[in-house]
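**Student:** These are the residues of each chain, in order.
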Amino acid sequence: AQSVTQPDIHITVSEGASLELRCNYSYGATPYLFWYVQSPGQGLQLLLKYFSGDTLVQGIKGFEAEFKRSQSSFNLRKPSVHWSDAAEYFCAVGALRRIKAAGNKLTFGGGTRVLVKP
Amino acid sequence: SQTIHQWPATLVQPVGSPLSLECTVEGTSNPNLYWYRQAAGRGLQLLFYSIGIDQISSEVPQNLSASRPQDRQFILSSKKLLLSDSGFYLCAWSIGGTSTDTQYFGPGTRLTVL
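Protein chains in written order, with the working numbering: chain A, 1 to 118; chain B, 119 to 232.
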């Protein structure tokens, strides 16, 4: 069964500092990986995704993530954090399936809440 | 472009009362649809997914049920709510039929059971 671990429940970072959020996944087949962001009381917004190809993926809002197969990781980074980046971040893993009947389900990590200090 | 709607946005219900949450998607046909629950301080738990009308799969045994009476409508229901049903309910959709579908989420419904 697939699983996702986000080891850090909370991270506090100063505005302008760099941010890195960790994500480790477990899946036997070829994974596809996502990072979503959730502002308080809101739905989830897709930041970026990795399916194949270049292992460094660029997303919206200045975020990037690097897929490292050997470490089963897909860490999210941002060089300089803005106060508006305070939110909860979710990593998710899905499987490459070729039939609609599988439903393309995703497994989410527990989330990392990011607090930004002025 | 595609949009996803959920209503109501917030709901406060007594224990033992029924529940109906609605999700609709616009701008696409034959989507995969999903219901998730997010309990306070916890991650997302997939409750149901649907690949077509009247085709519902349940991921966890529980007090809830789902229905898909129309192609782009997904309903989450309960006959009698429990305190443990409180949480934030998210509906999501993805393009059906491809193997690398991104899921897009609605704004969510905050349910409080008292």
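Everything labelled a hint here was simulated from the structure, so no lab data went into it.
Cβ coordinates follow ideal geometry from the N, Cα and C atoms, glycine included.
Be aware that one or more of the hints could be misleading.
Residues on chain B that point at chain A, a partial pick, calculated with CB under 7 Å [claimed, not checked]:
(1) Ala158
(2) Gly161
(3) Gly224
**Student:** Now look at each hint and say whether the structure bears it out.
**Tutor:** Now the hints, each set against the structure:
1. Ala158: violated, 12 Å
2. Gly161: holds, 4 Å
3. Gly224: holds, 5 Å
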